[in-house]
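Line by line, the protein sequences give chains A and B. Take 1 as the starting number for the first sequence in the working numbering and just add one per residue. Take 1 as the starting number for the second sequence in the working numbering and just add one per residue.
Please keep in mind that the hints were generated in silico from the structure rather than gathered at the bench. You may find that some hints are simply not true.
[Claimed, not checked] Heads up, simulated SDA-like pairs for lysine to any residue below, C-alpha to C-alpha not over 25 angstroms straight-line:
(1) B:Lys670 with B:Glu658
(2) A:Lys51 with B:Asn309
(3) A:Lys51 with B:Glu238
(4) B:Lys90 with A:Leu30
(5) A:Lys51 with B:Ala236
(6) A:Lys51 with B:Asp224
(7) A:Lys51 with B:Leu208
(8) A:Lys51 with B:Ala227
(9) B:Lys798 with B:Thr717
(10) B:Lys90 with A:Leu26
(11) A:Lys51 with B:Ser240
(12) A:Lys51 with B:Phe838
(13) A:Lys51 with B:Asp230
(14) A:Lys51 with B:Val222
(15) B:Lys90 with A:Tyr15
(16) B:Lys812 with B:Gly745
(17) A:Lys51 with B:Leu291
(18) B:Lys798 with B:Asp869
(19) A:Lys51 with B:Asn223
(20) B:Lys90 with A:Tyr74
(21) B:Lys670 with B:Arg682
(22) A:Lys51 with B:Leu304
(23) B:Lys662 with B:Ala864
(24) B:Lys90 with B:Arg596
(25) B:Lys90 with A:Arg13
(26) A:Lys51 with B:Pro305
(27) B:Lys90 with A:Met20
(28) B:Lys812 with B:Asp752
(29) B:Lys798 with B:His714
(30) B:Lys90 with B:Val119
(31) A:Lys51 with B:Pro233
(32) A:Lys51 with B:Ser66
(33) B:Lys706 with B:Ile694
(34) B:Lys90 with A:Arg19
(35) B:Lys798 with B:Thr884
(36) B:Lys798 with B:Phe838
(37) A:Lys51 with B:Gly217
These are the residues of each chain, in order.
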Amino acid sequence: MSRERGPVFLERRTYRRRRMSDAARLMPILGAALFGLPLLWGMAGPPTSTKRVMFYVFSIWFVLTVLTAVISRYLRQEKQDTSDTGEW
Amino acid sequence: MATLNLLVLVCFLYVAFLFTIAFGADRAARRGRGTWLRSPVVYTLSLSIYCTAWTFYGAVGFAARSGLEFVTIYLGPTLVMIGWWWTLRKMVRVGRSQRITSVADLISSRYGKSNLLAVFVTVLAVVGTTPYIALQLQSVTLSFAAFAANEPSGTDLPNQQSIALWVALGLALFTILFGTRNLDANERHHGVVMAIAIEAVVKLFALLAVGVFVVWGLAGGVNDTLARIDASPIAAWEVSGSRWVGLTMLSAAAFLCLPRMFQVMVVENEDEGHLRTASWAFPAYLMLMSLFVLPIAAVGLDVLPEGANPDLFVLTLPLQDGRDGLAILSFIGGFSSATSMVIVAAIALSTMVSNHVVMPVWLWITGGSAVMSGDVRNVALLARRTSIAGIVLLGYLYFHVSGGGTALAAIGLVSFAGVAQFLPALMGGLYWRAANRTGALAGLGVGFVVWLYCLFLPSFGPSPVMPQAVIDHGLFGLHWLRPQALFGAEGMDPLIHAVMWSISLNTIVFITVSIISFPRPVERLQGAQFVNVFEHSGSPPGWTGGLAQSEDLLIMSQRIIGGPQAQALFAAAAQRQGLAGYLPEPSPEFLQEMERELSGSVGAATAHAMISQIVGGASVSVEDLMAVADETAQIMEYSSRLEAKTEEQERTARQLREANQKLTQLSVQKDAFLSQISHELRTPMTSIRAFSEILRDTQGLKTAEKSKYAAIIHDETVRLTRLLDDLLDLSVLENGQVVLNSQTGRLGPLLDRAIAAAGVDAETFRIERDRQAEDVMLTTDLDRLAQVFINLISNARKYCDSPSQVLTIAPKRQKDRLLIDFIDNGSGIPTDHQSMVFEKFSRIGETKAGGAGLGLAICREIMARLGGDITYLPGQSGAAFRVTLPQPFADTTPPVSA
Chain A
1 MSRERGPVFL ERRTYRRRRM SDAARLMPIL GAALFGLPLL WGMAGPPTST KRVMFYVFSI
61 WFVLTVLTAV ISRYLRQEKQ DTSDTGEW
Chain B
1 MATLNLLVLV CFLYVAFLFT IAFGADRAAR RGRGTWLRSP VVYTLSLSIY CTAWTFYGAV
61 GFAARSGLEF VTIYLGPTLV MIGWWWTLRK MVRVGRSQRI TSVADLISSR YGKSNLLAVF
121 VTVLAVVGTT PYIALQLQSV TLSFAAFAAN EPSGTDLPNQ QSIALWVALG LALFTILFGT
181 RNLDANERHH GVVMAIAIEA VVKLFALLAV GVFVVWGLAG GVNDTLARID ASPIAAWEVS
241 GSRWVGLTML SAAAFLCLPR MFQVMVVENE DEGHLRTASW AFPAYLMLMS LFVLPIAAVG
301 LDVLPEGANP DLFVLTLPLQ DGRDGLAILS FIGGFSSATS MVIVAAIALS TMVSNHVVMP
361 VWLWITGGSA VMSGDVRNVA LLARRTSIAG IVLLGYLYFH VSGGGTALAA IGLVSFAGVA
421 QFLPALMGGL YWRAANRTGA LAGLGVGFVV WLYCLFLPSF GPSPVMPQAV IDHGLFGLHW
481 LRPQALFGAE GMDPLIHAVM WSISLNTIVF ITVSIISFPR PVERLQGAQF VNVFEHSGSP
541 PGWTGGLAQS EDLLIMSQRI IGGPQAQALF AAAAQRQGLA GYLPEPSPEF LQEMERELSG
601 SVGAATAHAM ISQIVGGASV SVEDLMAVAD ETAQIMEYSS RLEAKTEEQE RTARQLREAN
661 QKLTQLSVQK DAFLSQISHE LRTPMTSIRA FSEILRDTQG LKTAEKSKYA AIIHDETVRL
721 TRLLDDLLDL SVLENGQVVL NSQTGRLGPL LDRAIAAAGV DAETFRIERD RQAEDVMLTT
781 DLDRLAQVFI NLISNARKYC DSPSQVLTIA PKRQKDRLLI DFIDNGSGIP TDHQSMVFEK
841 FSRIGETKAG GAGLGLAICR EIMARLGGDI TYLPGQSGAA FRVTLPQPFA DTTPPVSA
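With the rest of the complex left out, here is chain B (with noise of 0.2 angstroms):
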């Protein structure tokens, strides 16, 4: 009794440190510490949920039975986690994208938040399950019976229905305690998380310690163990290839369908990062488990009695060798796999069914109105503790009227066949676009009748539902419906038979359904989403909004995720939209972010019906808009080639209005211009007219006189014909009309014709220059060059206020340009006029000597012909002109310095 007692406190005491555990961590994780918690090790060890108390005592007893058949059950979850790649990876992105709370979700998600389908994806799974719970608290019963069946007094056998109550009881408080601590599924159960990764770790660590205590210590080492082996009734290696297959694919399948493996892979997935640690660890840990399976197998099938449970040879090699540590190690190790399956397969089921059965019911019963009712928040959180409470003692219930017996350590398999059910369905939505509704539905519906008929109910054996006739001889007699040859295939594995044929009916009825029928927009529009997740991660605007009370919305959700969360939801918002406060305009981007925000608590389906209920008729035209949604490429390039038409539009329409801009300054300069050159022409020949009408009307004029005056008309009209000149230039030069001259000479030449040209004289006016600088060759147009030389020069003597006039002229190379500078020694040109100079009719100060003021205007017409340019430069001893002009050197020139 010793050693009972003993396991029974230390059973405590590790409950007391899992509830420790899960306490402290999620304290840890509320108060924003514990980084430790997200980490990719602690992820990988959750996945081990799959290896529940079935596979740590059954899969002994499964290797003592049929040898090394029982890999296959862990060479599926191995195959599906290194091609993680493929699926998890896609799973795992739509879950967190699409806040996935369940499997069942996914698939009403998916099919366009079908309740329907929801609901009936939770029945399929908890009837899947629910053996499987018993399943876990009969080993939990057994292995104590092993205990107690050891003991020299063989007194006081607990009553095995009230163990298994009691354990029981103790999980569902964990769960409720743990599992429903936020309402939002989708946050992480860090202490639920947490809780399990240690039960991992311990059960590992039990199996290993029992494997090497069998090894080393049972058995003489490695080569005994073989031996024993070899010597064993499992010695030949006679696996069925179809078993061998089958099992393989059915436990793959069943490892991305069970709900509870959904759960931690999926919803309480933290970064997908953690998947790339896990699709090599957890394989590891898969193959750790199965390590020592065959030798403790073929050691108990040697050492312990004929007889003997093989399914408890974990337990009982230790306990018949006294090793009552070990045993208690190896107990603790079995009640781990057991609590944390059952743990999280509540945690999972009861999201599913208060999502999706309680919720809805319970909308519907409130009159449809999740604006009046009372408090969402706290119904949904009492449906997902009383869905908790409920799954497991089904599973009770389940153990206690089945009694127990041999026929519930088949269910492991069965189970997994059920959940398979879900595969066609969530692949197909996953990597199918035109996977619809429909087809899911008729595949499930098919898939499930199919296994309830062929697998399940004969795994009771004869029963009123299945009679011995109905299995024998066929549903109504026909022969080609028995259960176990459906369709005259006979001789076939019971198991595989069910799965076959329930897989590919499963699989046929839902893709021949989904082509011949035609998917609903939201349906159309959530393949989309879904198939194509890693393309667009944002999803299109979904409901049009504008009917909706943001006030009734803002009710509703503090109802469901609790009044502060809402209300920051709300104001972050509204402040996106710019508006203070905390009520958002209920744009389609808020109301979508909203149901999504909802379905984290209540599920897609939900959370998509309370929304619809407030937003009112608004959604039906979504949908109509939806129907276009799968044409989406079609509209963005539409539209996004009208943007590029109102773009091109408005940039002719810039264009017009600069070239209007253009024209009317233009006008205005033509003004100026002509009412310039009419004063300009006035000014000549009014004293034209004045000298000859006195000519033509004084009598009497000495000859000196009329010579006088007929000198003044005749420069007059010099002046007026330089003008006309000047005017003719220019207006050719600006035209563009003139046409260039290009001839090859020196600089020096040039300015000798130049100031030749201009008719300085050398006595009154001094010209300084560079004769070494002077000597560049230039390619342009020469005369043109030497005209503007002439201008400068001339304008240098006519305007140069200083009583010895002199002008320098400096050439300058700088890289490809020649600079040749006209500095002469007046007082310059004042800085307001600088800018000037280059005008038209500008003249600066007095005419001395006439000119019309088109000199400078025709020198930069010139250079900017001639590819270069002329500018004043400011700063100099007296008025100084840059002339500037392009010149590739040839290196035959040394190079000339200032």
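Bound-form chain A, shown alone (with noise of 0.2 angstroms):
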């Protein structure tokens, strides 16, 4: 039974790296956008305090850390990725 599941647990683990190196691909769009956000606000109206901007890029930024960082775990097998196709 385990003997028959091996490869088809391989091949998930396969699929589970390319969609991570897709999110790793995400990450740097993700985070200029979320970033790029507080420009919006307070744009009709008083400005924003300073203390809220700065809550929020410190949160985004503790947030991307942690996602970077359980991405990465997943992209641990640098040899056998076949994504680019090849390896060193």
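Hints given; two lone chains; assemble the complex.
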């Protein structure tokens, strides 16, 4: 039973890895968008307070860091990567 | 004065500590110990040289002046790091596979190992970095001054210039000691990296300590601090969108392009996996570094008197409160930031200067012959060391001349914008194969000029080089050439204005010129290798050797990478080629390997030039060769097709050989058969002839005699007929012309029939049978099978030499086969004849019954036609034959055991 499930498991891992590399590519775009968001605040009416933006920026920073840490854990086996075809 | 003396003492102790760390790390690495030196943590910490004294002190100043905008300087690198999968991974891979020594080397190597480009990048880097080094020296002297000013006695303020000079000298010494221990810039500077990692921890700790002190010491906790932020002049979020986005992009670009960042990120990289850790750990580091910046700025603005330099809040806040210890820690933090930046920047720049400026010039002066000249290794090391001293002193001179005014403080971003000019060439080189040298040169040139004109020169205010008239009315009075309103772009922030124009013009020119010009073959080759670095790590051969003298190459490389290393390299190459000694054949692979090895020491362009001197004109033909490198895929396909064809031909040849062999064998067999058959026919013919002659010629034969002779003649003709029948039968069987007639019947009756047909006399020849086992249904050509049985039974009767002959017939079922053994009680067939019994005309011993020797041959053919087999079964009581017949047994009959 377990012998038969081996390849399926590997396949899932490769698949997961590919998706994680997609996620890794997406991270800076997500980050740029989120960090740019405060520019849209307080466009009408009184300007937003620095305090608020500070909390926002640091929260996003923290979230991005944690997300990147999680994603990079999945991108461990550099050598087996086939999404970029080939290895060194 | 006590504090100041203490400060100097702590400072010295700290420097001594750093020297010890660097020395220890270097030694550990040389002895092969210290795997911790290669940990991803050390790599991540070494990246922190991004945070210089300008960010350590300046970030708070920045925040005090323009609020949260300071954070953009950290957000850019954060985005680059979390986007490592796009860019950094590729840069590091390229850097490692091409043995890149600096950002200038990367760009030059990518664009056909062009030294002109390398020189250009080097100059730009030096121009961009020197003010930055001056800035670091200034920060150290300013922080000293802050301490001195706080002294109650107020005496003996040390001369700022002399402090800067001492610091510069110390840094130059440290860098020369630990940054040029080995010539190979591609080898890791473990000592330096370790010292930088320690400094990274120190500056983070210092800034956090000051932050904690400010928030919980000076202000009354988090809420109070937030209230102070709200009350401060920077309470409102009034950041201009263009500056927010522009500065983030600028810092991201600078993070990739700064020579010192390239040094720690790519050149000193041990393991690509480290990038994975750094991708999140470094953003975390940056986040911590900027966590307390805003609170410190707000509290500083609140607590300190009007007009206090906000750049020094980190230092003056603890001093104001009498926390000398914390102030000293903070000073050490700033000192660390300044020194680590200067050290790495000096190493990075000196590598560039010595590899791309000094070495080529020296090669040119010495007559362009790397073989004849002296010790290249020493020259290169000397060049590296002189460059370090020169660069640090250049920074000092810049500081000295500019007088360390506020103009210098603005230089940080100006410097960023300068190095950011590398970005189009760098990214284009990594992602766009058509990017070429001419395009890169043109783009860099335009970007550099625009940066110089719009940002660098105006940053000093009106000066002889850039008078007020030009700033106001444009160059030559041309209104649209105003440096801060280029092409009528008025009202923009000067920095963003300059960055926008320089980078966009740079990019446009780079792309346009790349499109319209044509790259040289080497550029196309390198382009393919860089852009597709993940696809082919190995590179196509670049040199066609043969003209090169291995000995010359050895002499040259000994001078560059040192005797033992060069000899080891050559010996290893020779061994790979299967040669003994130290001189390998100058094969393209070897030359390329050597070029890479050398480029680790003197840069790609110089190494290429040096080898081409020795290999000589060969490199020209190489370029011709490389002209087709772009079409490598086609060539490879073509050659693989050729290969396939060759293989096919070989296969055909092999088949032909085999067929020929078979034909020869058949011919031999045919001859043997003919001679045998004529012999077989002759024997009866002879007796027929003899007896018929007797009958014809002899008079007076008795009737009995006549009938006897006639009987002999009759017997012989019968025998002859049988022989001819057999031959015909065999020939039909062998040619596969036989038509099988499948029937179904039981084995028992079939055997009965065979025994009857064999004409067995039951008195003299006993047959033992197993009736139960014979109860098997068969579906096959029963007549043919009976023929086999008859043959076997009559053979047994004929050849069994036992006085009382017994034949045992034993059928057995075995899986889907039926085995029928015929075993007699004679003496059997001698071992050496067993393999012969099935051959035509083979007869064992005397022919008692005049068989032609074809019976068993026919049996074998029949069995083969029936899909079975007949074999001699050795090791039985007598002669034993086993008939094997494939038979899908239905379960209707019970299994039979032997």
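task: Compare the structure with the hints numbered earlier in the document and write down the numbers of the violated ones, lowest to highest.
output: Number 12 - this is the single hint that the structure violates.
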